[in-house]
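2 protein chains.
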Amino acid sequence: MTDIKRLDSREDDFYAALDQVLAWEASADEAVESTVREIIVAIRQRGDAALLEYTTQFDCLQADSVAELEISTDRLRQALATIPADQREALEHAATRVRAYAEQQKMDSWSYTEDDGTVLGQQVTPLDRAGLYVPGGKATYPSSVLMNAVPAKVAGVNELVMVVPTPDGVINELVLAAAAVAGVDRVFSIGGAQAVAALAYGTETIPGVDKIVGPGNIYVATAKSMVFGQVGIDMIAGPSEILVVCDGKTNPDWIAMDLFSQAEHDEDAQSILVSPDGVFLDRVAASIEKLLPDMQRKDIIRQSLQGRGALIKVKDLAEAVEVANHIAPEHLELSVEDPQSMAKRIRHAGAIFMGRYTAEALGDYCAGPNHVLPTSRTARFSSPLGVYDFQKRSSIIHCSAKGANDLGRTASTLARGEGLEAHARSAEYRVMKDA
Amino acid sequence: MTDIKRLDSREDDFYAALDQVLAWEASADEAVESTVREIIVAIRQRGDAALLEYTTQFDCLQADSVAELEISTDRLRQALATIPADQREALEHAATRVRAYAEQQKMDSWSYTEDDGTVLGQQVTPLDRAGLYVPGGKATYPSSVLMNAVPAKVAGVNELVMVVPTPDGVINELVLAAAAVAGVDRVFSIGGAQAVAALAYGTETIPGVDKIVGPGNIYVATAKSMVFGQVGIDMIAGPSEILVVCDGKTNPDWIAMDLFSQAEHDEDAQSILVSPDGVFLDRVAASIEKLLPDMQRKDIIRQSLQGRGALIKVKDLAEAVEVANHIAPEHLELSVEDPQSMAKRIRHAGAIFMGRYTAEALGDYCAGPNHVLPTSRTARFSSPLGVYDFQKRSSIIHCSAKGANDLGRTASTLARGEGLEAHARSAEYRVMKDA
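As given, the protein sequences belong to chains A and B, one line each in that order. The letter at position 264 of the first sequence is residue 264 when you use full-length UniProt numbering, and the numbering goes up by one with no holes. The letter at position 434 of the second sequence is residue 434 when you use full-length UniProt numbering, and the numbering goes up by one with no holes.
Bound conformation, chain A alone (with noise of 0.2 Å):
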């Protein structure tokens, strides 16, 4: 019997039930925090010196040079030739889906040029180098690899770093495979804070970048928050999630293993469905005792669903719109009859799934949009990973004498009620005496 949580929007405390099954608060953890401040320290004083120590201490891997550590394009090449043929061409077809998504997301420079010929706009330039962590051991997914890298090299990207822990020298194909067809440059054999700090700070042999992105454990995840500053980051992920809507006209089957592919992540995943229909919750409920047993992953579907997951019976689906504008979740399935007139309605939501026909899973790996999406409610501020975040922009003013005799009245006007006569005088410098 699988016990999952049922909230009821009749009920008084409805929004305080619900809070509380959406609480999340990353806990601190001190010990790690003061591991990974020691790593770092020791990386920027001794570089690949102590990248090779740590290495041999946590990956088990003897090297004699960080040298040694580098995986060689040719070996992606041949670890894409020599994966099954089906994996090969889902792999390469994601990410022509993934790709053709992504150059939809390029910002341009643009610019317009005022009456008096002062020229404003903006100009758009990639990263040179970005750096792509990719986890080691159990959670090592390749789609993680297209998902990263992809937006990274059509952005402009001059040379995208991939490290990749390989604890007793076991590498996985499928990883070097997806590095080959996403056009990673470089990938090193490293992992854990130490990569972390290899990347920020480069070291003789690891190139230095300028953001770093990928999914990583808890050590992973310190070390990303202490070197933000340094280089950029993206977002420190918490556990994965899943709200679907549904109008209780799709196959219970469907929605209930919908809701296991995000439990099966981990124990801390979150599947929450909500309906009108309480017949239906019923029957979803009952569909999930059928399906779990034989779930390869049934312990931990079973412990994040009781855990965290919830059944919630809504008044109307305009009901439902307002429970996931709240939640404001990373995946929203929006399984009904008019999605599009719902997404409308939708304010925060890291992906929108709509209709009965698009599972998650099928954005986790191939529909093109970004699988890295904001969790715990972050979707309220934050978007998808895309090509935008290995962009930048820089503000372009180029003033004519024109211009600058009129802008600098104002200027200096400003600038004095602010106390700031240096401001004042440079700006009343290029207005016109005779003006």
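What the hints contain is simulated information worked out from the structure, not anything from laboratory work. Careful: at least some of the hints might be erroneous.
Given that identical chains are not distinguished, each listed pair holds provided it fits within a single copy or across any two copies.
In silico DSS-like links for lysine-lysine, alpha-carbon gap of 25 Å or less [claimed, not checked]:
#1 402 with 249
#2 344 with 106
#3 153 with 344
#4 402 with 344
#5 249 with 315
#6 5 with 249
Position chain B relative to chain A; hints supplied.
Same frame as chain A, now just chain B:
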């Protein structure tokens, strides 16, 4: 005698010496961190009551309720009506130009339909609510209110909540007037870490927001970085910097004053001049000597120039571009004959001020582009504050039956390759059995 460091790119250790000039590491202060952590906990637990206590303690401001600390929009309009006419006009002129530029940055939703009827896209929405921190005391800048508030309103943020401490009840009329011009929705006279915590978590009276922007002291900056995740934040700014590249043909007084305009902000501000013309560098040094004694903020300017400034001699303008890209400055002034072609070779800069007439001060106040810019070399990976910081994207995926059929096969192959069976089965449900 103002003793500014002189560097020459012909020296062997030039880039090492330059990096030493640029070096800046925000010092983490454990005492500040523990105070701020305590304040955040108190605000989360006791809301308004704690907020009132801290406001009494830190700002010497007595109030019976937080509601008393709200400054009405009528009061803002009154400030606008009573400040001197030239200041009102300057604020309005600046706001109009900042708004016009911001309108160009607004992102729109887009989508495309594939041959099989599958729709992919990106839905753009504004943040529901944003918080704007405005410092009190000596560094109260009305221009900063405009630069932070206008993009938020252009983005369509529904409610913009400003906080500004008013120690001992002292209110800056220009700041209130700027809030009126920018269309700020609500203003509270609170500040410090307690104001940041109140905006992040909400209290009985202060509405919780989705993102907090705006400058502040070490307590404010520390509080912002601690509430990050609960809400979005803008960048944590380091000291302000300018890099002037000059071919030697601009009036040296103008360039000296441009360097002053950065240096007068505070002792840590950084002003650097790069030129291939050594004689010109001497002339600028002479202008500095001549002009400095008359400046109101001469002590700050001198300390800044001596501690962090530099005059750099390079081989030619091409090398000046290399140096500029290495520095990745917040403000880059290209005081040269052909700034257009030079700007195209700039890969990293917050804002580029082109030509002899475009003093940085014009951009600080009223040219149009934002004056909130990435500092401390972060222009390598980040952008000016803009409308896009108050908008976010949701991916849109709407598969047709045919589309789900094709994508389902690819997703299934990849999911099984990753050992995620529920993902695979969720996708396979959408694959037509007879296809």
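Here is how each hint holds up against the structure:
1. 402 with 249: Classified as between; 20 Å across copies, 66 Å inside a copy.
2. 344 with 106: Both: 24 Å inside a chain and 18 Å across chains, each within 25 Å.
3. 153 with 344: Between copies only: 21 Å across, 31 Å inside.
4. 402 with 344: between (46 Å within a copy, 24 Å between copies)
5. 249 with 315: Within. Shortest intra-copy distance 16 Å satisfies the 25 Å Cα cut-off; inter-copy 73 Å does not.
6. 5 with 249: Cα proximity of residue 5 and residue 249: one copy only (22 Å, versus 74 Å across).
Hint compliance for this structure: every hint is met.
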